[in-house]
Amino acid sequence: MTFSSLIFIFAFLPAVLLLYGIVKPARARTVIMIIASLVFYAWGNPVYVILLILSTVFNYYVGYDLAETERGERSRQWIFVGAVIVNLLILGYFKYCGFLVDTVNALLKTDFAVPGLPLPLGLSFFTFKAIAWIADARSGKINPRCGLLSFAASIMMFPTISMGPIDRMQDIVPQIRRPDFSIANVEEGLILFIVGLIKKVLLADNIVDLYNSFRALPAGEVSVLMAWLGMAAFAFQLYFDFSGYSDMAKGISLMFGIRTGDNFDHPYTAVSVTDFWRKWHISLSRWFRDYIYIPLGGNRVTVGRHVRNILVVWALTGLWHGAAWTYVAWGVYYGLVLLLEKYFLIKVLEKLPKPVRVLYTMFIVIIGWVFFSSRSFAEAAATCGALFGGGMHALADSRALYYLRTNLLLLIFCFLGSTAWPFRFYTWTQKKYPVVSAVGTVLLTLLAVAFMVYSTYQPFLYAAF
Amino acid sequence: MKKSRIMVILSGLGLAVFMAVLIWSQYYPDVPAEQIAGELAKQPGIAEMRTEDASGLRRYYSIDSAETEGFLFFRSNSIMSADELLVVRAKDHEDALLYMESARKRLGEITENFENYGAEEMTKIDSAVCEVRGKYLIFAVSDNASDWEEAILGEIKK
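These protein sequence lines are chains A and B, in that order.
The first sequence begins at 1 in our numbering and counts up by one.
The second sequence begins at 1 in our numbering and counts up by one.
Hints are computed from structural coordinates only; laboratory data are not their basis.
A portion of the hints provided could be inaccurate.
[Unchecked claim] The calculated label-pair distances, taken between Cβ atoms and stated as ranges, are:
{"hint": "1", "chain 1": "A", "residue 1": "412", "chain 2": "B", "residue 2": "25", "range": "25 to 35 Å"}
{"hint": "2", "chain 1": "B", "residue 1": "35", "chain 2": "A", "residue 2": "72", "range": "19 to 29 Å"}
{"hint": "3", "chain 1": "A", "residue 1": "46", "chain 2": "B", "residue 2": "54", "range": "32 to 42 Å"}
[Unchecked claim] Straight-line Cα separation of at most 30 Å, DSBU-like style, residue types lysine-lysine; simulated pairs:
{"hint": "4", "chain 1": "B", "residue 1": "3", "chain 2": "B", "residue 2": "42"}
{"hint": "5", "chain 1": "B", "residue 1": "42", "chain 2": "A", "residue 2": "95"}
{"hint": "6", "chain 1": "B", "residue 1": "3", "chain 2": "A", "residue 2": "141"}
{"hint": "7", "chain 1": "B", "residue 1": "42", "chain 2": "A", "residue 2": "109"}
{"hint": "8", "chain 1": "B", "residue 1": "2", "chain 2": "A", "residue 2": "141"}
{"hint": "9", "chain 1": "B", "residue 1": "91", "chain 2": "A", "residue 2": "95"}
Positions of the beta carbon are idealized from the N, C-alpha and C atoms, including for glycine.
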């Protein structure tokens, strides 16, 4: 069950929301949230519910145990390291075992069997939340004695279980215990949910056709224009897919009286790559900063160590996104660009006009998406070749011009949608012409529902990570 | 020992047992398609069917054989029979799941062909096997479908 499915929008969400509204005691609401989350989780693969429950209990009590200050430092250190290893082993088995076996087979010419278990829903996100919980309990930043039920509802709550945001448990647990459930929040949450739905169904799920058309072409038949159109389509698809999901997750949480963190802040308007990563998948960047980068020493170290820290963090960021060397390369690429910016480029960039800086950022980002979207380095190299006209690629051809003409309106909508302008326009119309604003929202919602009914199912891209 | 430590140990053990059972139950070693073919040849009904090649796989399932690590495809010689068996050894589990979608579409086509007049065939279709085990897709429509499934699983579970 995904947020953009009819069963979720018209059955699951209203039923749970209604029940949550009827039941007043906070503890009962916590139980409803847990049960709803387990049903949501079980929809795809019921067996993994057992894993979810056991992991939740394990991590809660590890945090609880780490707070026992009378325990010796050595004992607490062992528990902490052991618990992190347990979490990483589970993640590693499901997500990276196949990658590891494939790599060993390729290097040693062996033929070990690749495990064929599907990745449990949201395992990467769950694991990162759990590690943050036990790390914060270990360092004394939180009091982990919040009660198992509150912790369980916080870490497994269905709006954020599948694709985040990776919120800190200390931000969510108090809200689970005292949710601010109100008509105003339901209304605000609903608007956010609709915005996310529009992004996903009307923009991401439509622009993907342009990207698929580009990918379906034989490498030799791709013109430079077609390659840029295809990669721009991918950039928009990924953004609207994930930010659409994030808006929906935030909106649903808000309907239940829980404010989650932001994940996006118009990243395609960033004026540098450093700025881009402050605006793209914010909760993941924060996690890596707090639990990897700063413990490694951050930037308060020698230049050599700082370079190492950045590259380690970004190689891990790449690996988090997927079990393939292309993702690692994508992460290291960003590490190198960020280092270049920090030590050389940023002063030059600051002197340039804003549009030039945005264009520079988008250029770097789109080249990054080439590695991110490619299944192999050969495919990435072929795409880069097409983007820069290497080899036999024509500058433009009739096919590219046809795709440009037929997708121009959608591309314009995507461009506008990735800026803050639509939100400003919505706020302005809401103040000046509330009826027009309401009618527009309803019409766009109906259009999105119509697309959902008549189009084929498109899963969220980040669910695979 | 404190309650929290006992709970850590118990839930940790629970996780270990769960993962062990899951890995054991879902572990399917790589078995070449030829080995499965050898076992299938002994099964009832297979000898009466015709073997389809890569073009048949593409035509009926839209699966490119070059993208797989091997396949076995049998169809009935008679157009009045819905009998069909497909075993695909995919490159990985994800690919096998994609092939299962193709198999489901194929099942829909077979259903359309027989639903108005082939009552006996519809019984076979209703009890068709369409599943993914590890990196194998198993799709079978026949009175013998469960025997075939058992034979295939017997081979890949050895």
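Legend entry - Which numbered hints fail: Checked against the structure, the hints that fail are numbers 1, 2, 4, 5 and 7, while the rest are satisfied.
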